[in-house]
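S.K.: Line order of the protein sequences matches chains B and Y.
Just so we're aligned, residue 1 is where the first sequence starts under the UniProt record's numbering, counting upward by one.
Just so we're aligned, residue 1 is where the second sequence starts under the UniProt record's numbering, counting upward by one.
Watch out, some of these pointers could steer you wrong.
Taking lysine to aspartate or glutamate and the DMTMM-like style, the derived pairs with C-alpha atoms no more than 20 Å apart in a straight line are [stated by the list, open to error]:
id: 1; chain 1: Y; residue 1: K215; chain 2: Y; residue 2: E177
id: 2; chain 1: B; residue 1: K125; chain 2: Y; residue 2: E177
id: 3; chain 1: B; residue 1: K125; chain 2: Y; residue 2: D18
These aren't lab readings, by the way, just hints derived from the structure by calculation.
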Amino acid sequence: MGGLESFLFSFFNLKVMGTYLPLIAQGLGLTVILALLIVVSGLALGLALALLRACGIRPLNWLIIFVVDLFRALPPLVIIVLLFFGLPAMGLGMSGFAATWLSLTLVLMAFAEEIYWAGITAVPKGQWEAARSTGLGFFQTLRLVVLPQALRITIPPLTNRTIAITKGTALGSVVGVAEILGAAQSAMSFSANPSPLTLGAIAYLILFIPVVALGRWVETRFAWKR
Amino acid sequence: MTRPAPSPAAAATRPIVDARGLWKRFGPLTVLKGVDLSVAERELVFIIGPSGSGKSTLLRCLNRLEEPDDGSIHVDGIELLSRATDINAARRRIGMVFQSFNLYPHMTARQNVMLALRKVLKQERAQAEEAAARALDRVGLAERMDHYPAQLSGGQQQRVAIARAIALEPRVMLFDEPTSALDPELVGGVLAVMRELRQDGMTMVVVSHEMAFAKAAADRVVFMADGEKLEEGPPAQIFGDPRHERTRAFIRQIDRH
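Please put together the full structure from these sequences, using the hints given.
M.R.: Rendered as structure tokens:
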């Protein structure tokens, strides 16, 4: 076999790909579900923390900053492994899927909180003052005046961070989640051929290119007229 | 419409704004040192003074954007500094216009005006739209209602900000250097709107360096320096025959420009 031929046999082996396509497709489905769960819960929790922080209750804010810094500092894989292998030792077992979901949710929550918070503080103080001077309350001002402006600023960094963290679903393969990478690795062992990895890479592209495009669209959609 | 001259009887009635003994410290800096200010209904009071004199802080205390450390403020009979006071309800009666306009950039001119009508006064959409249109018409911007702030000139933005405040039908309007951020050719439009408001009988407290406007329109000029009210009186007296040396120096300096 020549070099090219051997490369094609290893990575673009159509017979192997055909056999394991359904398995990878299932992995894709699982990744989509896992990613959606992480995005929804991570972004929602992050926003909730940022809003709590905006209330300016000192001890609460210290706690929020501590939690956020903790999950920004720890590698996601470490959190997954701790939850999956560590918690059962305390009598709290959870599935690989749940451990991956919870870990990445906490990490996305932490990064999203920082981004939302930066957005909220980037809105000029005069906006608060103008709104409050018309008799709007603190929460009304936050919701109607500050957040709409803050969220627009946060869309680009938030999109980037969300994509980076949801790609971490591949870490689930370490704790037996049959998401794209997990499925591809199984298929690779069964077939003794790495072509399923190529399929996996394609599956990731199919999943994330639309997400990147959506981020771009949202960015232009929510820009206000200048 | 002409404004009736303030009669002695009117001057004897309870003032609309009555601030007494206001103290305000920012860290080691004391910016207000026991300042009193009272403003009668339909009166236009001008506050002048060098920068750092505390005039903006005094104005911002009058709707509690700044919390004085000591003193009392009554606006339309409501004690602003009392814990029992619903500050949001009180602020409906006090309009404020800022140096930097502070329009909401994600809303059109009309939406800027409508927000408080809908969310504070709880007006129906149709009613709020109509009130906003009326307010924008009053400041001469009926044609620009659906423009976003970034599509308006500075002078137009400031007039929208005035419309946003007057739409709530406040009892008193506070102006914090309303023309300081404007290009010279845009100042006139804003002053014209303020003059009209005054002719309609609006009570106004204005912090500004527009001395010509003060001479022409103010009932009373207050001169502040170093956190104290040094002198007050009719514009003719403050500008023509100031008693205090600091006032004289300030007026001289302003006149030179």
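S.K.: A separate judgement is required for each hint: does it hold in the structure or not?
M.R.: Going through the hints against the structure:
no.	hint	result
1	Y:K215 with Y:E177	holds (16 Å)
2	B:K125 with Y:E177	holds (17 Å)
3	B:K125 with Y:D18	violated (27 Å)
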